[in-house]
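*Asks:* Listed below are the residues making up each chain.
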Amino acid sequence: MKQKIITIILGMVFLVGLVAAANTLSNLEGITIPVSPVIAGNTFSANFSFNYFADGTNEDNSPLIIKLNLTSGDQTSFPVWKNDFEIDGFVKRSYLFGLFIKEIPFNCSEESPQTINYVVGSEIVSPENGTFYCYNEEGNLELDRHDNIFLNIKSHPALWPGQYNLTASLYYLNDTYSPIVQILNKANFENVYYKSGNNIEVKADINDLYLDETFGKIYWNGNETFLYEVIKEGVYYYSKTIPEEIPEGNYIIKISAKDESENMGMDETVLLIDETAPEIELVEPTGLVSEEFFVKFNVTDEKAGVNNESVQVRLREIVNGQICPETGGSIGNFSCTTTEWINLELNQTSDLFEVKINTTELNLTSGEYWLDARAEDMLGNKAEWIADEK
Amino acid sequence: MNKKIASVVLGVLLIGIVSAGLVSYLSNMVSGSVVVEGPVFYASGENKLLINNFDDSIAEYDIIDGDNEVFLTTTFSEPLDFYKPSLNMYLRAKVVTGILPKNLNLEFGYFDSPENFIKICSGEVSINSNEFEQYPFPNCEGSSELEDVNGFYYRITGMATPEVTCRISVTNGETKVEMNKAI
Numbered sequence: 001m002k003q004k005i006i007t008i009i010l011g012m013v014f015l016v017g018l019v020a021a022a023n024t025l026s027n028l029e030g031i032t033i034p035v036s037p038v039i040a041g042n043t044f045s046a047n048f049s050f051n052y053f054a055d056g057t058n059e060d061n062s063p064l065i066i067k068l069n070l071t072s073g074d075q076t077s078f079p080v081w082k083n084d085f086e087i088d089g090f091v092k093r094s095y096l097f098g099l100f101i102k103e104i105p106f107n108c109s110e111e112s113p114q115t116i117n118y119v120v121g122s123e124i125v126s127p128e129n130g131t132f133y134c135y136n137e138e139g140n141l142e143l144d145r146h147d148n149i150f151l152n153i154k155s156h157p158a159l160w161p162g163q164y165n166l167t168a169s170l171y172y173l174n175d176t177y178s179p180i181v182q183i184l185n186k187a188n189f190e191n192v193y194y195k196s197g198n199n200i201e202v203k204a205d206i207n208d209l210y211l212d213e214t215f216g217k218i219y220w221n222g223n224e225t226f227l228y229e230v231i232k233e234g235v236y237y238y239s240k241t242i243p244e245e246i247p248e249g250n251y252i253i254k255i256s257a258k259d260e261s262e263n264m265g266m267d268e269t270v271l272l273i274d275e276t277a278p279e280i281e282l283v284e285p286t287g288l289v290s291e292e293f294f295v296k297f298n299v300t301d302e303k304a305g306v307n308n309e310s311v312q313v314r315l316r317e318i319v320n321g322q323i324c325p326e327t328g329g330s331i332g333n334f335s336c337t338t339t340e341w342i343n344l345e346l347n348q349t350s351d352l353f354e355v356k357i358n359t360t361e362l363n364l365t366s367g368e369y370w371l372d373a374r375a376e377d378m379l380g381n382k383a384e385w386i387a388d389e390k
Numbered sequence: 391m392n393k394k395i396a397s398v399v400l401g402v403l404l405i406g407i408v409s410a411g412l413v414s415y416l417s418n419m420v421s422g423s424v425v426v427e428g429p430v431f432y433a434s435g436e437n438k439l440l441i442n443n444f445d446d447s448i449a450e451y452d453i454i455d456g457d458n459e460v461f462l463t464t465t466f467s468e469p470l471d472f473y474k475p476s477l478n479m480y481l482r483a484k485v486v487t488g489i490l491p492k493n494l495n496l497e498f499g500y501f502d503s504p505e506n507f508i509k510i511c512s513g514e515v516s517i518n519s520n521e522f523e524q525y526p527f528p529n530c531e532g533s534s535e536l537e538d539v540n541g542f543y544y545r546i547t548g549m550a551t552p553e554v555t556c557r558i559s560v561t562n563g564e565t566k567v568e569m570n571k572a573i
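Heads up: the sequence lines are chains A and B, in that order.
For the first sequence, my numbering gives the first residue as 1, with consecutive numbering after it.
For the second sequence, my numbering gives the first residue as 391, with consecutive numbering after it.
It is possible that some hints are incorrect.
Said to hold, decoys possible - Within a straight-line C-alpha distance of at most 30 Å, the following computed DSS-like cross-link-like pairs (lysine-lysine) qualify: (1) A:K154 x B:K474; (2) A:K92 x A:K102; (3) B:K509 x A:K154; (4) A:K154 x B:K438; (5) A:K303 x A:K382; (6) B:K509 x A:K82; (7) A:K203 x A:K258; (8) A:K186 x A:K217; (9) B:K474 x A:K82; (10) A:K82 x B:K571; (11) A:K154 x B:K571.
Bear in mind the hints are in silico, worked out from the structure with no lab data behind them.
The task is simple: from the sequences and hints, build the whole structure.
*Replies:* As C-alpha cells, then:
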C-alpha cells in the first residue's frame, strides 16, 4: 500500500516536471550584439540562437513568444522608460541543410496592458518599462529546428548613455482557449425519437491544439451514461444502444472535451425517448354489419408517429360464446375461423385507417366475430386494441 | 513512520517542482549587454544640424567680424528630457583674412520653443592656421538636466575683431558636438 502511494506521488512529481519543463530550448547562444558601443538614436542589431528538440516534452507548433527585457546599468537613477527602445526582428530558419532559408518577421510591443492573441489562448499582460513581447504565429516553434533570432533595436536619442542589459526568454502563454466541440448531426436528434434498444450515434468535430480528454454522456434523471467513443479520420463518433433503464423522456446528450490546461469545451443535443405505443380507437363498425362493411380506426401517436404500414385488424369467429384461437382451427368439436391480419390504409381526408371487409372473399359465414386491431409507432412500440363489444 | 514517509515524499515533491521550474527558467533565457553613447550632432549644409549621421556636404561658411552661424536640428515630434550633458565640441575652420590666431566662440544648446534658445555650454577655440583643421573644445559640462527639449542648436560666433574672416567647413562631419552624460 505504502509502495503504491509512493509510486503515485513520484509519478505526480515526474509529471509536474514534464509540464513545467515543456517547450525547453536547447543550445542557447547569445545574445550577440555585433556593434557596441551604440550611439543613442541609432538602431543596432542583436541575435541569439537555440535548438528546439523533439525531446518528448516539446510539442510541434508551440508558441514562440520572446519576452525581452532591457535594463540600464543604473536602473535606479536612469531606468529604462517606455519608448526608450523600439524593437522588431525576424526568425531565421534553414531547411534542407541550409539550402533553403526562411525569414519570418515579428513585431515586439511594450504596450501595457497588451493582449497577446494566440491560437492557443489570449492573455493580457502588463509589461513593465523595458519589457517587450515579440511574436508572430507563423514563426511558431518547430521540432528539431535550429532557430536564429535577429533583433533590430532602435534606441531613443535621449537615452541615458551607459550600459544596457538585454535578456531574452521564452514566454509561456497560458492556454485559455477551450476546445471547440461541435456536434455535426444534431438533426438526427432534435426531431427524432428513440427507444430502448435503439442505437444512437453522435458525430462530433473536436478541435484543440492540446487536447487531453474527450467524452460523451447521456444525462438522465440525475444519472449519467457514457457513450462509446471511436475516432475515425479526425471525426469523433459516440455511440450507445439505449439501455432499458432510461425511461421515456427528453434528455441531454453532451459531448465534452478538456485540454491539457483544464479548459473545457462542450456541445449538446437532446435525446428524445418514446416508449409509448399508439392509441387505437374504433370508429366503425359500431353495430351489425352486412356482407360488406368498413372497418375504421383512429390511430394516433403523439411522439414518434404511427407507422402507417402497421395498422391491422383480424376477425375471429365466436362459437358457443368462445373466441376462435389466434391460429384458427376449432373450439371443441366445432371448427372456427380466424382471418389473417388485414392491413388498413390511411385515408388522407379523414385521417382514419380503414379497410373494406368483404365477408364472402374472406369465407366468413354469418355469425358473431371478435375484432382484433393492432398498430405500432415508428419506433416499434406496439399497441393492441381490445374490443369491448362484438 | 508514516510521518517520515510523508515528509520524504513532500520533500521530493517540492524538489521536483522547484527543479523543474528552474531548469525551464534557466534553459530558456539568454542575455547580453550593450554600451550606449550619447548622440552626436553634425553641422551640415543649409545650416542643418544632423543627429548621429553626417552627410556628404562640403558646405563652407564665412564668419566675418562678429557674425555667427547657427546650425539647427529639426524640431522633435515631442519634447524630450535629457540627462545633464557633457559636451565635446569640434570645429573645422581656418582663418581666411587677418592675422593668426583668431578665436571663435562655440555654443551648444537647445530650444524649447522656436524663439527660446537655452545655452548648455560655450567656449572659445583659437584658429591658428590658414588651412582647415579640426579644433576641439572638450568636456564642456551643462549645469543641469535638460527638460522639454524640442531641438538643439550649435552656434559659431566671431569675436568682432575688424577685418577678420574665418571660414568653417562641415566636410567629413568634422564640425560636430558629441553629447554624453556628465559624471
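*Asks:* Against this structure, judge whether each hint is valid.
*Replies:* Verification of the hints:
1. Of the supplied pair hints, the one linking K154 of chain A and K474 of chain B holds, its CA atoms being roughly 22 Å apart against a limit of 30 Å.
2. With a C-alpha separation of about 6 Å, the suggested pairing of K92 of chain A with K102 of chain A holds against the 30 Å cut-off.
3. Restraint check for K509 of chain B and K154 of chain A: satisfied, since their Cα atoms lie roughly 28 Å apart, inside the 30 Å limit.
4. Distance hint between K154 of chain A and K438 of chain B is fulfilled; the C-alpha atoms sit about 23 Å from each other, no more than 30 Å.
5. For the hint linking K303 of chain A to K382 of chain A, the alpha-carbon distance of about 14 Å falls within 30 Å, and the restraint holds.
6. Between K509 of chain B and K82 of chain A the CA atoms are separated by roughly 28 Å; this keeps the pair inside 30 Å, and the hint holds.
7. Between the alpha carbons of K203 of chain A and K258 of chain A the distance comes to roughly 17 Å, so the proposed pair stays at or under 30 Å and holds.
8. The suggested pairing of K186 of chain A with K217 of chain A holds, with an alpha-carbon distance near 15 Å, which does not exceed 30 Å.
9. Taken as a hint, the K474 of chain B and K82 of chain A pair is honoured in the structure, with Cα atoms around 20 Å apart against an allowance of 30 Å.
10. Of the pairs offered as hints, the one joining K82 of chain A and K571 of chain B holds, with about 20 Å between alpha carbons and a cut-off of 30 Å not exceeded.
11. Between K154 of chain A and K571 of chain B the CA atoms are separated by roughly 19 Å; this keeps the pair inside 30 Å, and the hint holds.
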